[in-house]
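**Student:** Sequence:
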Amino acid sequence: MPKIGDIQLPDFPLLLAPMEDVSDPPFRALCKEQGADVVYTEFISSEGLIRDAAKSVMKLDIYEKERPVGIQIFGANLDSMLRSVEIVEKSNPDIIDINFGCPVKKVVSKGAGAGILKDIDLMVKLTDAMVKHTNLPITVKTRLGWDADSIKIVEVAERLQDVGCAAIAIHGRTRVQMYKGDADWAPIAQVKNNQRMHIPVFGNGDVNTPEAAVKMRDEYGLDGAMIGRASIGYPWFFNEVKHFIETGEHKAPPTMQERVEAARRHLQMAIDWKGEKLGVFETRRHYTNYFKGIPDFKEYRMKMVTSDESPDVFATFDAVLDKFGDYQFS
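Going by the numbering used here, 323 is the number at position 323 of the sequence shown; the sequence numbering is gapless.
Because the hints were derived from the structure by calculation, they are not lab data. Please note that the accuracy of each hint is not assured.
[Unchecked claim] Simulated crosslink set (BS3-like; lysine-lysine; CA at most 25 Å straight-line):
#1 K32 <-> K105
#2 K292 <-> K55
#3 K274 <-> K55
#4 K277 <-> K251
#5 K298 <-> K323
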């Protein structure tokens, strides 16, 4: 069974991917309850941390019920990354993860995230320095390469391991692909099959069905799956994957009552953590998946994503339960 440093994980663990404005404490709590084995924070700017920027510092909030939990940081400046490690340590996470994979232009343009895939030596140098700067396990999330002509992930993963990286999660696309096309897991399997590799290798990208997770394990031999978009507004995905792995059968989908209750708790936790305005706004992205596939639902969805006051959203949840309480999800 895989280990990250001294953290023992179950056979084929499921990890919640770090996602901007998604992987916050309320959502992480729901995913943890539904079977996520490791959760990661939203990615946090090292420059924001050392400037004490409020939004960056707020993302350091972690809670005991989440463990094991990793805090993910990004940056391209060595001094800033080392100073941010010292700040992150005060939150007492179980893992510090480095983002070498975010494809967003505002991150890449600063040489951070996937931008660092153009400078593998710097990628290794940063990882080496951060490993030496903390006793916490340092892990890395990255992509196959910058583009199809520069995929050297087998060599990159080995070099990162050699400087002390404790685990690596690899998204099966290049930066140029962004999120288009299909994720290619074959190069990730090549990393895992490298005779010199001994740290856990987790796959990421297009793990959107229980069958996909099983395929990642059985056909590609990876140590675990990092799940991102499939979990947005659907924290039950983790338990559904585990149920399928254990039984070979699909778990019954959550009922309308369970969906409304989860959405209600999600919104309330978001308000408690972020405040009314931001809590209402940033929970909106989840509602489409919470209530996906229900016919004649547009009116209710529009109310959820356009209401600026939480009492209106909670009232919409009540109306949904009244009208669609007996709806059978398939």
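**Student:** Please go over all the hints and tell whether each is borne out by the structure.
**Tutor:** Cross-check of the supplied hints:
Proximity of K32 to K105 is assessed by CA-CA distance (about 31 Å); at most 25 Å being required, the pair is judged violated. Of the pairs offered as hints, the one joining K292 and K55 is violated, with about 31 Å between alpha carbons and a cut-off of 25 Å exceeded. Taking the CA atoms of K274 and K55, the gap is about 10 Å. The hint holds against a cut of 25 Å. Proposed proximity of K277 and K251 is contradicted: the alpha carbons are some 36 Å apart, above 25 Å.
Taking the CA atoms of K298 and K323, the gap is about 13 Å. The hint holds against a cut of 25 Å.
Checked against the numbered hints given earlier, the structure breaks hints 1, 2, 4 and satisfies all the rest.
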